[in-house]
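Chains as they are written, first to last, in our numbering: chain A, 14 to 113; chain B, 74 to 230.
The set of hints was computed from the structure by calculation and includes no laboratory data.
Glycine included, every Cβ here is placed at the ideal spot set by N, Cα and C.
Take these hints with a grain of salt, some might be off.
Unchecked claim - A few chain B residues that don't get close to chain A, going by computed Cβ distances all over 12 angstroms:
| # | residue |
| --- | --- |
| 1 | I100 |
| 2 | A104 |
| 3 | T105 |
| 4 | G124 |
| 5 | K131 |
| 6 | G132 |
| 7 | V140 |
| 8 | A146 |
| 9 | I155 |
| 10 | K188 |
| 11 | K192 |
| 12 | D211 |
| 13 | F214 |
| 14 | S218 |
| 15 | K219 |
| 16 | K225 |
What the hints assert, rightly or not - Cross-link-like lysine-lysine pairs, in silico, BS3-like; alpha carbons within 27 angstroms at most:
| # | chain 1 | residue 1 | chain 2 | residue 2 |
| --- | --- | --- | --- | --- |
| 17 | B | K158 | A | K82 |
| 18 | B | K213 | A | K82 |
| 19 | B | K158 | B | K127 |
| 20 | B | K188 | B | K131 |
| 21 | B | K158 | A | K20 |
| 22 | A | K77 | B | K225 |
| 23 | A | K90 | A | K113 |
| 24 | A | K86 | B | K188 |
| 25 | B | K213 | A | K89 |
| 26 | B | K200 | B | K158 |
| 27 | A | K82 | B | K219 |
| 28 | B | K188 | A | K31 |
| 29 | A | K77 | B | K131 |
| 30 | A | K18 | A | K111 |
| 31 | A | K31 | A | K64 |
| 32 | A | K82 | A | K24 |
| 33 | A | K47 | B | K152 |
| 34 | B | K219 | B | K188 |
| 35 | A | K18 | A | K82 |
| 36 | A | K93 | A | K45 |
| 37 | B | K127 | B | K152 |
| 38 | A | K90 | B | K225 |
| 39 | A | K20 | B | K152 |
| 40 | B | K200 | B | K219 |
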Amino acid sequence: MGNMKIKAKEKNGVVSAKVLATHDMLTYDQAKAKGTDANFITHITAKVGDKVVYDVSTSQFWSKNPQFKFKFKGAKKGDKLEVTWTDLSGKTVTESKKIK
Amino acid sequence: MERRKFLGLGVLAIAALPATLSAITSIDFRATKPDTWTAKTVDDAVKALFGDIKPEEKGVKVNVPAVASNGGAVPVTIKSDIPAKTVAVLQDMDPESAVAVFQVPEDGIVDYSLKIKLKATDENGGKGTVTAIVEGTDGKFYIGSKGLDVAKGGCEG
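Next comes chain A alone, as it looks inside the complex (with noise of 0.2 angstroms):
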């Protein structure tokens, strides 16, 4: 825990997940002004098992600390769903959660 908050629920066969990931987001005029490099989410994927349920090449004007909501079919209760993110800088952060 720490990065990311995930909530996934499933309701007759939807899953409705939420996830709030902590990141800067630093965009190039932000980190101009401040001195630094750049540094945002450039990608996120969220998996159950082996299948791809979410993916989405992401740009610095996502908003700090984002925020997101998905909706996907063909998981059930107790599956894992688990979200990666990739940076800028190569960071990955994965992190994983039961569906409820």
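Start from chain A and add chain B according to the hints.
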């Protein structure tokens, strides 16, 4: 600087590909369509991503608040019942247009919510539009958009 990092990432992504290719369908659009992310206008970003397309104006719902008080985190929801392959989210307030490109899994549900930064400036007067383009599994393109006002000073970029 920017470009160098970009290329570095691309190499990484390619290096990582063989191991993951068989199991998943994850596409890194930042590596495969790099020009999308540096495009300054929605039109240019769309061209870089999808080519010369003429999207139909139907079936794509973009939800944003009419007035966003905090430009640093504007809630956006994209919904569509069209069986989709790709969904792109773009806006016309920030220095570059692209916000997100979703690779929709087979049988995927297009109901995506995220929070984005929108920069109110003197030029745009705090007015902007969020646009979503859906590439259907039928190979056609669909577009939806919604305008909003963003309070000034909420976002630093």
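Evaluated hints:
{"no.": "1", "hint": "I100", "verdict": "violated (7 angstroms)"}
{"no.": "2", "hint": "A104", "verdict": "violated (8 angstroms)"}
{"no.": "3", "hint": "T105", "verdict": "violated (9 angstroms)"}
{"no.": "4", "hint": "G124", "verdict": "holds (17 angstroms)"}
{"no.": "5", "hint": "K131", "verdict": "holds (21 angstroms)"}
{"no.": "6", "hint": "G132", "verdict": "holds (17 angstroms)"}
{"no.": "7", "hint": "V140", "verdict": "holds (17 angstroms)"}
{"no.": "8", "hint": "A146", "verdict": "violated (4 angstroms)"}
{"no.": "9", "hint": "I155", "verdict": "holds (15 angstroms)"}
{"no.": "10", "hint": "K188", "verdict": "violated (4 angstroms)"}
{"no.": "11", "hint": "K192", "verdict": "violated (8 angstroms)"}
{"no.": "12", "hint": "D211", "verdict": "holds (20 angstroms)"}
{"no.": "13", "hint": "F214", "verdict": "holds (18 angstroms)"}
{"no.": "14", "hint": "S218", "verdict": "holds (16 angstroms)"}
{"no.": "15", "hint": "K219", "verdict": "holds (16 angstroms)"}
{"no.": "16", "hint": "K225", "verdict": "holds (16 angstroms)"}
{"no.": "17", "hint": "K158/B x K82/A", "verdict": "holds (18 angstroms)"}
{"no.": "18", "hint": "K213/B x K82/A", "verdict": "holds (26 angstroms)"}
{"no.": "19", "hint": "K158/B x K127/B", "verdict": "holds (17 angstroms)"}
{"no.": "20", "hint": "K188/B x K131/B", "verdict": "holds (23 angstroms)"}
{"no.": "21", "hint": "K158/B x K20/A", "verdict": "holds (25 angstroms)"}
{"no.": "22", "hint": "K77/A x K225/B", "verdict": "holds (18 angstroms)"}
{"no.": "23", "hint": "K90/A x K113/A", "verdict": "holds (5 angstroms)"}
{"no.": "24", "hint": "K86/A x K188/B", "verdict": "holds (23 angstroms)"}
{"no.": "25", "hint": "K213/B x K89/A", "verdict": "violated (32 angstroms)"}
{"no.": "26", "hint": "K200/B x K158/B", "verdict": "violated (30 angstroms)"}
{"no.": "27", "hint": "K82/A x K219/B", "verdict": "holds (19 angstroms)"}
{"no.": "28", "hint": "K188/B x K31/A", "verdict": "holds (12 angstroms)"}
{"no.": "29", "hint": "K77/A x K131/B", "verdict": "violated (31 angstroms)"}
{"no.": "30", "hint": "K18/A x K111/A", "verdict": "holds (12 angstroms)"}
{"no.": "31", "hint": "K31/A x K64/A", "verdict": "holds (18 angstroms)"}
{"no.": "32", "hint": "K82/A x K24/A", "verdict": "holds (15 angstroms)"}
{"no.": "33", "hint": "K47/A x K152/B", "verdict": "violated (36 angstroms)"}
{"no.": "34", "hint": "K219/B x K188/B", "verdict": "holds (15 angstroms)"}
{"no.": "35", "hint": "K18/A x K82/A", "verdict": "holds (12 angstroms)"}
{"no.": "36", "hint": "K93/A x K45/A", "verdict": "violated (40 angstroms)"}
{"no.": "37", "hint": "K127/B x K152/B", "verdict": "holds (20 angstroms)"}
{"no.": "38", "hint": "K90/A x K225/B", "verdict": "violated (44 angstroms)"}
{"no.": "39", "hint": "K20/A x K152/B", "verdict": "holds (20 angstroms)"}
{"no.": "40", "hint": "K200/B x K219/B", "verdict": "holds (11 angstroms)"}
The structure is inconsistent with the numbered hints 1, 2, 3, 8, 10, 11, 25, 26, 29, 33, 36, 38, although it conforms to all the rest.
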